[in-house]
Amino acid sequence: MTDSSLRVVIADDSVLLREGLSRLLEESGFEVAGQAGDAEDLLRKVGAHKPDVAVVDVRMPPTHTDEGLRAAHRIRAEHPDTAVLVLSQYVEEAYALELLSESTERTGYLLKDRVADVDTFTDAVRRVAGGGSALDPEVVALLLGRRRREDPLDALTAREREVLGLMAEGRSNAAIAEALVVTERAVEKHVTSIFSKLDLTPTVEDHRRVLAVLAYLRAGD
Amino acid sequence: MTGLRRALWCVAFAAVVAGLAASALILASDHFPDPAVTISIGLVTTWSFVGAGLYAWWRRPSSRFGALMVAVGFGFLLATLSASDNSWIFTIGILVGSLYFVTFAQMLLGYPDGRLERRWHVWFIAGAYVFAVLGMLPVLLFGYTDAMSCDQCPPSAILIEQNAGLRDLFNTITSVIGVLFVGVVLVVLIRRWREATPPQRRTMAPILWSGMAMLVLLGTALGSDAAGFTRVTDAAFTVGLVVFASVPWVFLIGLARSHVVRAAAVSELLLRLGEAPGTGGLRGRLADALGDRSLQLIFWFDDKRCWVDAEGRKSELPAEGDSARAWTAVELEGRRVGAIVHDITLNEEPDVLRSVAAAAGLAMENERLQAQLRARVEELRTSRARIVEAGTHERRRLERNLHDGAQQRLVALSLTLRLAQGKVHDQPETADQLLSAAQEELNLALAELRELARGIHPAILSDRGLPAALEALAGRASIAVDLTELPGERLPEPIEAAAYFVVAEALTNVVKYAHASQATVSVKRRNGSAIVEVADDGIGGADPGRGSGLRGLADRVSALDGRMEIQSPAGAGTRLRAEIPV
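Each protein sequence line maps, in turn, to chains A and B. Numbered according to our numbering, the first sequence spans residues 1 to 221. Numbered according to our numbering, the second sequence spans residues 1001 to 1582.
I should point out that these hints are in silico values taken from the structure, not numbers from a laboratory. Incorrect hints may appear among the rest.
Stated by the list, open to error - With a Cα cut of at most 20 Å, we get these calculated DMTMM-like pairs of lysine to aspartate or glutamate:
(1) A:Lys112 / B:Glu1316
(2) B:Lys1304 / B:Glu1316
(3) A:Lys112 / B:Glu1440
(4) A:Lys112 / B:Glu1451
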């Protein structure tokens, strides 16, 4: 899979941001198949271009509330081959969890600020395009940071918490190993330990694993 | 009551028997002129006092006035002992013959409840009793005066020697003391009259004026006796006796008259209230009906559990032991609507008060609603002013936060970028570092803006509603927050916003002050209201007046017709409860 083969549709009501994103993605080797200013336009263009990824802003006309999220749900339902990466102004875990609750496949939720960090951003785009998931680190931090009455997360070591966080972000074992500068073998051991401490059924597939972790973090409160 | 009634009948019977015995004594007497006249006067006077006294006693058992009146009647009979031909009984009769004057004075001073209100009054009356007995000693010790013209009288049992000089000297002294005594009583009564309120005057007038007339005549008799004007003495004494005998009748007539007047006023009131209920001026009508200009109406606000006057201001009931004011509750269909605050003398007529209170119920309810409206308007006016003030304050705070936060960072960022631009060609490495720093700064500015926007109005609240917004709030709190109950459906936007900010501010306070380990939050719909509750397990003792935050929240809630209360007993956590009608 080469970047040149990844086709993207961008939806944002701000022309400035749309153009910026478009330039950034093209410079990183993506092909921008289309741009949309609102949800309706987006759905139309996704239907026409069948892109690999739709990058969607949460807030769009006409109501400027959560059109982007609803459009994302429809894209996932109507065009299963198109991945969706939602960009949000808010660290709103409810939105993210809502988006990722049914399936974490080809779905992502990032803070809009993240686009400035080109590597993280393009990595997330590639990850969702490849069938994986992406969840913003701030949202993950928020989920991990929730105060619980009897917190099983307290049983985790600091390293295990890091691994859990990266898992929740949607990273693969290889990516986690790279980020933490350890071997994949070590990451696997941590994962097994986490799953047993949290009483979760171990699973190999990345997206199922993220789903389990998120469901756990969500139910924890 | 029946016990009291039986006792009163016994007293009445005793009065009849004593009267008849006294009459028999007079008839058998050798030295009493005109027995028929004496007996008539004696019986009429005695039975009038006893009868009127018993009536007053029966009407108001708690008052001693009736008993004193009865005592005056019996005291008057004691004087007839001097009709006896037995020397000792005659002597005792003379000695105790004036006691009823003192009892009468005590009755006047103690009106209307029969109790002497000052300590010196008690000593004064006690002294008067002693003096009433001692004052008769001169004639008994040193021989009768000519004025007594008592040829047939038995000799005094305690006669020492006939000594006109000593007798007249002591007699003059006792007369002067007697006049002084009467004068003191008069002064006290006049002062009391002047201090009395109009309704008090109305009730005390008959007894006070007839009593004072009697005292004046007695004083004149004593004075003229001391001065030797025998004819004046006799005349004053005779008229005094007539006035004295009429006192119970005046008392009864006054009582009947006030009843008739009151009853007429009350029925007039009923009629007028029936014609046009609640057209205002209720206070004036009640004041007319009860003859109490000082009468006030206060209304009960059930939702705030407080008393409020007609202007909507908070008010208080007269205290339990208040000596001047009392109150009567007004109810409508078993519900308290208000109270009539009136002169304490009206308590003597509970029946009248009851019927007036019952009649006033509906009209009072109408006025209560008006008063409630005025109170609400007043409250809204002040809370609106506070909301405007809070809005201004909030804008200032936002301006400061923007200025000190994001704006400063953007200025710094602009500078950094400018620097980087200058070094791009010559020192690309430094430029690179500067750009990284700029990126950092920008991230911080964005994060700050995000937080600020969230504080102004969290988007999730309008997008997803209260439960999602509260979950987000709970997830961000630095203590464990349990959401025990949340509404299943969306509430109107202003209510959701108010509920959200109530919880947000409450949780902020919990974290800041309560030293709590956890908090519970619930929002539920009950009886057409949204009820927001935030409770913690902290140290309690929160002061609802602390900080403008809670005050502002209370205003926000009251702007939506709701109310907010805080219970925070020391050591037992804090519970904040807001109720907002939906």
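We went through each hint and held it up to the structure:
Of the pairs offered as hints, the one joining lysine 112 of chain A and glutamate 1316 of chain B is violated, with about 61 Å between alpha carbons and a cut-off of 20 Å exceeded. For a cut-off of 20 Å, the pair hint linking lysine 1304 of chain B to glutamate 1316 of chain B stands: about 14 Å separates their Cα positions. At roughly 15 Å between alpha-carbon atoms, lysine 112 of chain A and glutamate 1440 of chain B fall within 20 Å of each other, so this suggested pair holds. Restraint check: the Cα-Cα separation between lysine 112 of chain A and glutamate 1451 of chain B comes to about 14 Å, which is no more than 20 Å; the hinted pair holds.
Violation of the numbered hints given earlier is confined to hint 1; every other hint is satisfied by the structure.
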